[in-house]
Structures are given as structure tokens and as C-alpha cells.
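Protein chains in written order, with this note's numbering: chain A, 1 to 112; chain B, 113 to 224.
Certain hints may be false.
[To be verified] A few chain A residues that face chain B, going by a derived Cβ cut-off under 10 angstroms, partial list only:
hint: 1; residue: Q6
hint: 2; residue: K42
hint: 3; residue: Y50
hint: 4; residue: M89
hint: 5; residue: Y101
hint: 6; residue: F103
Note that these hints are calculated values from the structure, not bench results.
Heads up, the beta-carbon is just placed ideally off N, CA and C, and yes, glycines get one too.
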Amino acid sequence: EPEVTQTPSHQVTQMGQEVILRCVPISNHLYFYWYRQILGQKVEFLVSFYNNEISEKSEIFDDQFSVERPDGSNFTLKIRSTKLEDSAMYFCASRGTVNGYTFGSGTRLTVV
Amino acid sequence: TQLLEQSPQFLSIQEGENLTVYCNSSSVFSSLQWYRQEPGEGPVLLVTVVTGGEVKKLKRLTFQFGDARKDSSLHITAAQPGDTGLYLCAGVSAGNNRKLIWGLGTSLAVNP
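Given only the sequences and the hints, what does the whole structure look like? Please build it.
In C-alpha cells form, the structure reads like this:
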């Protein structure tokens, strides 16, 4: 069964530092996503990516966030200057068919 | 703004009992998905319901999409301890991006 792989599984960073969360989507999928889940809250959409560009982003995805697909396999989420409120589980997902979402296991980001 | 309300938030039952989880919205979705999430893992897609009134079965799990495509339910028959976990519903927005709007989840505990 093809998987979406996320690294690292845990990341602790100091406030104001930059972090890069990495994802390897399923190879023949065309749509890529980042979602996040703050403890005790709903999963929230951050951004979708298609054809090498952002196709939609939420209000959460401000100038501090960026995504990149640098080499055709990796899909990264960068947070330039982390804030305490960025602490959350970040999930990468990819989609091939109309409804066929596959999620990674997530990166738990803790900002201290 | 599209919102999904899921109930109940917590459910603790004995092995062999039946249960129903509800997912309600004031908005129409193009389709609705149910996921199961284990601790420390990403959501795993169980089913997608697309047509109003549609019923899908997955072993002891029965999923129904409301006629107006605004609500859905998950019914588990004769629950087993292996059914323990977090069940999430997610509405699929219209358009090519098909971003997901999530409910808060139902944490189910099935006691032997």
C-alpha cells in the first residue's frame, strides 16, 4: 500500500526559529496538502498545491508559511519565524483520484 | 463559512452494543468522508459518500449521507474493542482542490 511519509515525527524549536517539515507524497498523485491539528481542536486546512503552485490557501497560511516541491518528490512546509501558537500536529496529504486522500503520520511541532 | 458539527464527542460502550455517530452541517458538500485516526497517526480514510441518501457498508460499519447532502451518520453494529479510536467526518468542498472541512471527532472506547 503506497504511503505518504513525513519527517521528522517530532520537532521542538525555539520561538522565532525557522522550521521545515518534510513530506514525500505518493508518487503518481497530483494534489498535495498541508493540514494542522492543534491539540483539542479540529483539523484545519492550510494549503493545497497543484501543478507546482499553490491552488488554495487558508487565512492561517500567512506570509510566515511557504510550501515547495523542490525536486518532484519532496513537498515541504516552511514556517519562517515560529510562534507558540504554531505548536500543532502537521499532516501532509496527497490525492490521486477525485476523493482518494492519503495522509501521512504527521509531524508534532512544539514551539517553546 | 462551512462548518461540520460532530456528536457525540465522547462515547464509551460495552462490547456488543450498537452506536451511531452524527455529522451535521448547514452547508451542502459535494461529498463527505469518514476517517479513523489512531494516536500518533494520521487520519485513515474509511469511506466517501457522494450521492444524497447513499448508504455504504464496511463490514459492521454503515455510513449514510443525508438526502440534502448536509449530514451523515456512522452506525457500528456489535462494537468490538478493536473499534476503539477517533472517528472523524470531513466534508469535501466543491471545486478541483477538494479541501476538507473537518468535524471535531468522536472518541470511541469499546470496553470488553
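Could you check the structure against the hints above and give me the numbers of any it violates, in ascending order?
-> No numbers; nothing is violated.
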